[in-house]
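Engineer: For reference, the chains in residue letters:
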Amino acid sequence: MTATEEPSMLGPYILGRELGRGAFGVVYEGFHESRSDHRLAIKTVEGQGEADRLLLEPALLARLKHPCIVGLDDYFVHQGKLVLALEFVPGEDLKAWLDRGETFNPERVREFVTQIASALAEAHSHQIVHRDLKPSNVLVDTTGGRPRFVLTDFGIGRRAEGLQAEKHVGGTYLYMAPEQLRGRPGPQSDLWALGVVAYQMLTGKLPFPGPSIGELAKQIQYADPPPPSAVVSTPIPADLESVILGLLTKSLSERIASARQVLEQLGVHGDTKRILESTTETKRLTSKKQLPLGLKLARDSRRSKRLVGAMLVIYALIQNVVIGFLVLFGLWLFYRSQEKVRPLRRRLLWILAAFATLACAKILPSMFPEYTNLTIRSNDKTAVSREIKLWIASLGVVGSILVSSVVVGATVMAIFAPIIGSAAYVNLRRVRREQTLLNAALAGQAGSDEFLATVHGMIDTRFEDVGFHLRYAEMLYSRGDFRRAAVEARLITRQDPYHFNANLLLANAYYALGLYADCRTVCTEYLAVSGYCFEFQELRLQCDARLGPS
Amino acid sequence: MRREAGPVVKLTPKQVKLVYPFLPGITSRVLRFTGRRNTVHLQETALVLEGELIRFHYLGLERLFARALAEWTTITIPYSRLIRVKYKSRRFLRLFVVLSFVLIIGLLSFGLFSRHASNPELTILLLSGGGPILGLLCWVMFRAILPGFAVTFRARDGTKTRFLFQVKKKPHRKEFGERLREYRAAAKAFVVPGQENRV
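These protein sequence lines map, in sequence, to chains A and B. Taking this note's numbering, the leading residue of the first sequence gets 1, the next gets one more, and so forth. Taking this note's numbering, the leading residue of the second sequence gets 1, the next gets one more, and so forth.
Worth flagging that the hints you see were computed from the coordinates, not collected in a lab. Glycine residues also receive a C-beta, built at the ideal position from the N, C-alpha and C atoms. Mixed in with the good hints, there may be bad ones.
[What the hints assert, rightly or not] Computed spacing ranges between beta-carbons, pair by pair:
{"hint": "1", "chain 1": "B", "residue 1": "P21", "chain 2": "A", "residue 2": "A517", "range": "54 to 64 Å"}
{"hint": "2", "chain 1": "A", "residue 1": "S404", "chain 2": "B", "residue 2": "L103", "range": "49 to 59 Å"}
{"hint": "3", "chain 1": "A", "residue 1": "V407", "chain 2": "B", "residue 2": "L103", "range": "34 to 44 Å"}
{"hint": "4", "chain 1": "A", "residue 1": "A165", "chain 2": "B", "residue 2": "P171", "range": "26 to 36 Å"}
{"hint": "5", "chain 1": "B", "residue 1": "F56", "chain 2": "A", "residue 2": "T436", "range": "18 to 28 Å"}
{"hint": "6", "chain 1": "B", "residue 1": "L103", "chain 2": "A", "residue 2": "A165", "range": "38 to 48 Å"}
{"hint": "7", "chain 1": "A", "residue 1": "R494", "chain 2": "B", "residue 2": "P21", "range": "18 to 28 Å"}
{"hint": "8", "chain 1": "B", "residue 1": "W139", "chain 2": "A", "residue 2": "S404", "range": "51 to 61 Å"}
[What the hints assert, rightly or not] Below 25 Å or equal to it, Euclidean Cα-Cα: the simulated DSS-like pairs (lysine-lysine) are:
{"hint": "9", "chain 1": "B", "residue 1": "K14", "chain 2": "A", "residue 2": "K250"}
{"hint": "10", "chain 1": "B", "residue 1": "K168", "chain 2": "B", "residue 2": "K17"}
{"hint": "11", "chain 1": "B", "residue 1": "K188", "chain 2": "A", "residue 2": "K167"}
{"hint": "12", "chain 1": "B", "residue 1": "K88", "chain 2": "B", "residue 2": "K169"}
{"hint": "13", "chain 1": "B", "residue 1": "K188", "chain 2": "B", "residue 2": "K14"}
{"hint": "14", "chain 1": "B", "residue 1": "K14", "chain 2": "B", "residue 2": "K86"}
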């Protein structure tokens, strides 16, 4: 049926020009017969048999009132069709902008992310998951000075209710999160889609282009996209890039958890319904936030290194120059010897060396007192102490207070310097993790040999970092190296036996290797504790089909 | 109260504090998390803890260098493996702290406004001693003994394992408790009888 054949009236609404046409219906411009000055978008949806399903979209929309979510004026069923009278948003959808090759600068993308994140925060607070966030479902209203991004089409949206024991299909492949591809969409799936659209706006490219659906699914589930700063030459503020990369993280526990958190990370606080009145447009960004991610990490790394160095020097000076350094060196040896990268024999040697160094620190003072008394604190209670007392007395009251403060400070620092130093060292390790990943991704495409080698090198020193280890295993899987992926996944399950993604990856790797019995065992074991995980049920059924009746 | 899907599903480091008892557990193993980046995530498939887990225990001495002895890791606990989730309001402990606070205020007032108040040394002594103690009690009250949850689960090797965490805000506590209860009840329906401890 064409637009001209449609009736000019639908219930009390007078229809005008056709605005758009989709798989399930048509959208017209129109107005209520009693209010000709109030333009509306009249959407008609063809009935698909189930009345409940048909009325879901208006039921969801009726709950939501937000400037960045299309408003619902009225809805009714007319001749088997659902008719929705929606807020009329002047302007095109985001897809039209992207198709024209329009560019969006980082500030515009920030606007988009904050507005849509606030809309999602509102929807998620009502337990509503959109499930189909994509450029064609975002309208851009440019009538004001500042663009307003409006989220539309809750046609396949649903209420998030408890555990999902059944697969929920639906969505657009290019914007689907890994868990949504597997049939388990949740609020974080919308955040993933937000990340994909923001990435596309910023770079003009999709993070997972996938020439075919199979390849796309593989990329979404296992491959890492190159960071936006590696794709475009325009400097991208660190906070925006961090948020986009945080939204495109595959693991649910590592992905940004909520739309509110997105807003917080972008420095937007307060009522999400007043997002358009907020000062995000005019807010002056501090130089810290404007810094590109790579530079920010480099700066953090530098600061942590300096802090560690300063604490080492302070500790050594307070305790004893020689002894202090020996103790710290011994502790460093002991700490490094814990790393699993070395063979056991070499690790034992490191531990022995650590103990030998620590023993030296204990023995040396008695053997060579003249070389080991280089300290600003002294245990000599007689001659030196008397001299110091006389010297302090000669300084007067102010001098005495200053010297006393230094001594008290030194005593306090003797306790706190190792604590501060160790905290700074841990922070340094964390920053290095991010830095190495980013640098490797910037140097070559994610998933390249170089990238893989870097990640592999880091796993040796971060064996218990399950998230990191999993990324490595996923990379191997995406490259088709199923055998090594299975080995790594098995190692992860030693650390975290019930890790969902690791177990699923292991089962998939076994399946890909043709080890159907092993795959079935993994699935059965997981289902024994989480019977509602249909992902394993499906895989087990496939294994059963391959193996035949047992 | 309106349900907020975002903040409640995952307790972020700002909302949660993982703690551990000073002494090792007798009947169960205790997970010792340290640092300020730990999270507790209620995923559909399982309860996921992420954070810096201390691998060594030296009778409390490890607290001094906790972060250096810890490794960033993930612990996944299927809902069916949870044995007990106990909400700890710490009401009596908080009441005790409040009473101590009131008692010290009373003693200070008595000391400062009694007939000995003219003694400046006593005044300085009371203020210098009482002030820090009151400060410490405030810190204990508002930061150290927050209500939270003690969760016991059965690890894959069969050992009972326990972890404790405090949730800073009341709405988050309530929502989290409700959601966890809901997930546990839903998960129970899918466990094959006799198989829950098989793996």
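Engineer: Hints broken by the structure, by number, lowest first?
Structural biologist: As far as the earlier hints go, 1, 2, 6, 8 and 13 are violated by this structure, in ascending order.
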